[in-house]
Amino acid sequence: MGSYLAEQLLNGLILGSMYALIAIGFSMIYGIIRLINFAHGDIVMIGAFVTLGLVMNGKISFMVIVVLVLLAGALMGILIERVAFRPMRGAPQVTGFITSLAISILLQNLGILLLTAQPRNFFIPDYLQVFLHIGPVSLRTIDLAIIVTAIVFMTLLVFLVKYTRLGMAMRATAENLNVARLMGININRIIMLTFAIGSGLAGVAGMMWGGKYGQIDPLLGFVPGLKAFVAAVIGGVGSITGAMMGGYLLGFAEVLFVGLLPPIYSSYRDAFVFTTLILILLVLPTGFFGKKTEGEA
Amino acid sequence: MRRNRSRWLFPTVILAGAILVFILRSTTNDYVLAIACFAGINIILAVSLNLTNGFTGLFSLGHPAFMAVGGYISAIMTFPVARKTMLLPALPSWLATQQWSFLPAMVLGGLGATLAAFLVGFPVLRLKGHYLAVATLGFIIILQVLITNMESFTRGPLGLNGLPMLTNLWWVYMCVVITVYVCWKVKHSSLGRSMLAIRENEMAAECLGIPLARTRIMAFALGAFFAGIGGGLWAHLVTVITPTSFSVVMAFNLVVMVVVGGSGSITGAAFAAIMLTLMAEVLRPLEESLEAYGISEIIIAAGLLLILIFRSQGVFGGQEPGFLVRSGYGPSDEGKNPLSFGKVKGGTA
Amino acid sequence: MLEVRDSHVYIRQTYVLKGISLEVRHGEIVALIGANGAGKTTTLSTISGLTRASRGSIQFRPDKDMPQRDITKVPAEEIVNMGISQCPEGRQVFSDLSVWENLLIGAYLRKDKKAVQSDLKWVCGLFPILRERSRQSAGSLSGGEQMMLAIGRALMSSPRLLLLDEPSLGLAPQLVELIFEMLEQINAKGTTILLVEQNARMALELAQRAYVMETGNITLSGTGKELAENEEVRRAYLGAN
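Line by line, the protein sequences are chains X, R and Y. Using numbering that gives the first Met the number 0, read the first sequence as starting at 0 and increasing by one per residue. Using numbering that gives the first Met the number 0, read the second sequence as starting at 0 and increasing by one per residue. Using numbering that gives the first Met the number 0, read the third sequence as starting at 0 and increasing by one per residue.
Accuracy of the hints is not assured; some may be wrong.
Cβ-Cβ distance ranges computed for the label pairs, FRET-style [said to hold, decoys possible]:
hint, chain 1, residue 1, chain 2, residue 2, range
1, R, L289, X, V82, 24 to 34 Å
2, X, P124, R, E286, 34 to 44 Å
3, X, N177, R, W7, 50 to 60 Å
4, R, R82, X, Q214, 51 to 61 Å
5, X, L78, Y, P74, 18 to 28 Å
6, X, N187, R, W169, 29 to 39 Å
If you are wondering where the hints come from, they were derived from the structure by calculation, not from laboratory data. Ideal placement from N, C-alpha and C gives every residue a C-beta, glycine not left out.
Please take these sequences and the hints and turn them into a complete structure.
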C-alpha cells in the first residue's frame, strides 16, 4: 500500500511539474497585461510537436533539444503578442480573451491542417526509457528528467525575477505599467520578454507532455491549458510562486482523485478540476498567494 | 415623436419570411433545405446569445452546454419506445414508456436548459468579465463529463443516433420568429434597458435601483431557453447527438456571430449567423476536396481577429439598421456602443 | 528650459487641455495650481509622454548650453532618458518591491554605478527614514513615507526637471511642510521643479512663478507672490474672507 501511495505521489509530482510550468506562463502573462491567454495551452502543443520533429532527427542531444524547444515556444509567444495582442491593448478585458480564444482555435486548426488530427506516437530515445528504482518506487529516466528540468527552470526563473535588474523591471511593470514607463522602462520589451519566457516554459512543458503520455495530436493543448489556468487561479493569478504551488497542488489533487477513489469516479476527473475552478473563483478569487484585487475590470 | 410605429412592419416581415420558406420547400432539394435549417438554428442561437452577452454584457460561453441539455432532453423524449428499450435499457420505466411529439419535447428541452441556467447562474454570475467566461467554459466541460457518465440516460460517449428527423424548415422558421420576437420585445422593454444599463455601468445601474442579480439571471436563463430549443432543433436535424456535439468550438463560432454582427444588435446577430452558416457550407466541400481540414475554422478565427483589430463594433455596431430605427422600432438614442462585453476600462475621466 | 506651446489634449472623447501654454526656466520652481479636474495631471502626463497632445508642441532644453528638442512625440521611456522625471499623483510606489528596489528602479536607465550610489546616499540623507525601512516592502510604508519614497525614486534618475503631481495629497500639514522644505533643498542643488498642487497656499509660497489652471485653460500666471495676493486666486483657492 505504501508503495502504491508513493507511486501516486510521484505521478502527482510529474503531472504537477508540467502544470506548474504551464501555469507560470499563464500567471506571468496575466500579471503583466491582465490577459487570460487561451492560446497558451496550444503553445504546449507546439512544443510537443517541435520536440517530435527534433527527436526524429536523431542526432541532437537532450540538452540541446530542451533549449531549442524553449526558443521555439518563446518565438511563438513573441509572434502572437506582436501580431494579435499588441493591437488590442486598451481594449476591454473580454475582447482580449476572445482574441486569445481565436488564436487558440487558429493554432489548433493549423495543426490539424498541417499535421492531421491523427495522434502520433512520441518517440522517446532509449536512454530516457531506463527504469530506475529509488526506494519504493520505480520510474523511467524521462520521469526524473521532467521533474529535474522543471525544478531547474523554476529556480532560474525565480532567480531572474527576484535578484536581477530585469526581474525588478518585470515586477514593476506587472504592478503599474504607466509608472514603470516613468522609470524609463521599455514596457513593450518587458511584455515581449514576459511572453517569451512564459511561452518558452510552455513549450518545454509540451516536450514533457509528449514524453510522459507518448501520444500527441494538435488538440492536446486545450485541456492542459485550461487546467494550468485553474492551477494559476488556485495559486493566485499574477503570482509566479502561486502558479508553481497551484500547479503541484493540482497535479497531486488530480492524481490522488483518480488513484484513491474507486475507478467509477476516474472519468469525473476533469469535472472535478473545473468545479474546483469555479469554487475557487467564487470563494477565494485571489487564490492562495495572490496579491492583487481581481474581479475588477 | 419617435414612436411612429409602423404597425405593419413586423407582420409583413413574418409573412415575407413564410412565403420564402414555402418557396424554398417546394423548389429546392433537401440539401439546400438543410442548410436553411442550420442557418435558422444559428440565428436562434446567435440572437439568444446576443441577449446574454450583447445586451447585458455577461460574457458567457455556456450556450453549447444549454444546447446539450435541451438537445438530450428533447431527444430522449421523442425517441420511439422501441428504440429506447434497445439503446437505453437502463432508463427508468416512467421515462422509457414515454414518447412525446416534437413540440412538447422541444419545450421541455428548453425548460430543462433554463433550469440548468438558474442552477449554474446563481453562483457563477457573480463572476465578472473573463472569469465568467472561463467559468462557463468549465461548465461545458463539466456537463460533457456528466453526460458521458450518465450512461443509463444518455448512452454515454456513444451518444444517441437514429433520432427521428423531425426538424423541418417550418419548425425552424417558427422558432426563429418566436426567438427574434421575444428578444426584440425584451430589448425595447424596461428589462432590456436594465440589461443595457448593467452592461454600460453596473454601479450606476445599481444606484438606479436595477436589481443586478435578478436581471443577470433573467438574461442568462432566457438565453439558455432558446439555446435549449436550438439544441433540440439541431439534434433532430442531424439525428445524432453525442457529448461532444456541442463543444468549445461551437461556443467560439457563436461568439464570432455575436461579435461580427455587433453585440447588442439583433439584426446583426441574425445576419452574421446566416453569413457564417453559408460560409461554413461553402468551405466544407473545399476542405474535403483539398483534404485541407481545418481551413474553415482558420478563416473564421482569422476573420474574427481582423474584425476585432479593425472594426471592433462589428458590422452593425450594436444598433439596428437605419430603416428599422426610423420606422420607430429602434431606440434612436442608443449612442455609441463599442465592443464591450464587460466593463469598459477607465470609467472615470 | 521647458516650453509647452498651445497644447490640446483629448482623453478618449473628452477635451481636457484646450490649448495651454506654460514655461519653466532653468533652476526655477514653478507651480501649477487649480481645482480638481482642471487638467493639471494631464498636463504632467503629456509632458512625461504618457499622453500625447493632438495639437501644439513641447520644447525641452535640458541645460542652458544644450540644444532645444521637440519632445511632443517622444515616448515616455525616452523622456526619462532626456532628464525629465515625474513623481506621479497618489505616490504610486511599487508596493511589491522593497524600498531599496523602488529607489534602484528609479535609476533604471543609469549606467554609472558610482554616481547612483552617491545619489542613493544623498536621497537617504534627505529622507533618512528610507534607509531605515530599506528592506521593507514599499506597500507597508505610511502615506508620508511613501511620498518621500516616490520623490526619492524620481530623483534617482538624476533629472534636470522634476515634475511633482500633488505631493501634499492626503498628508498631514507638518509632513507637507517637511516635504516642501526638502523640495527647496532639491531645487537648491540644481533640479528645476514643476509642481502641480491643489494646496495653493503652500505651492505659491514655495514657487517663484505659478500658473492657475481651470477646466483645461491657463487663466492666470505670475510670480508666486503676485498670485498669492491676487483677489480671484485668494477667493477661489486660498479661502480668503
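So, going through the hints one by one against the coordinates:
no.: 1; hint: L289(R) to V82(X): 24 to 34 Å; result: holds (25 Å)
no.: 2; hint: P124(X) to E286(R): 34 to 44 Å; result: holds (37 Å)
no.: 3; hint: N177(X) to W7(R): 50 to 60 Å; result: holds (56 Å)
no.: 4; hint: R82(R) to Q214(X): 51 to 61 Å; result: violated (36 Å)
no.: 5; hint: L78(X) to P74(Y): 18 to 28 Å; result: holds (23 Å)
no.: 6; hint: N187(X) to W169(R): 29 to 39 Å; result: violated (57 Å)
In this structure, the earlier hints numbered 4, 6 are contradicted, and the remaining ones agree with it.
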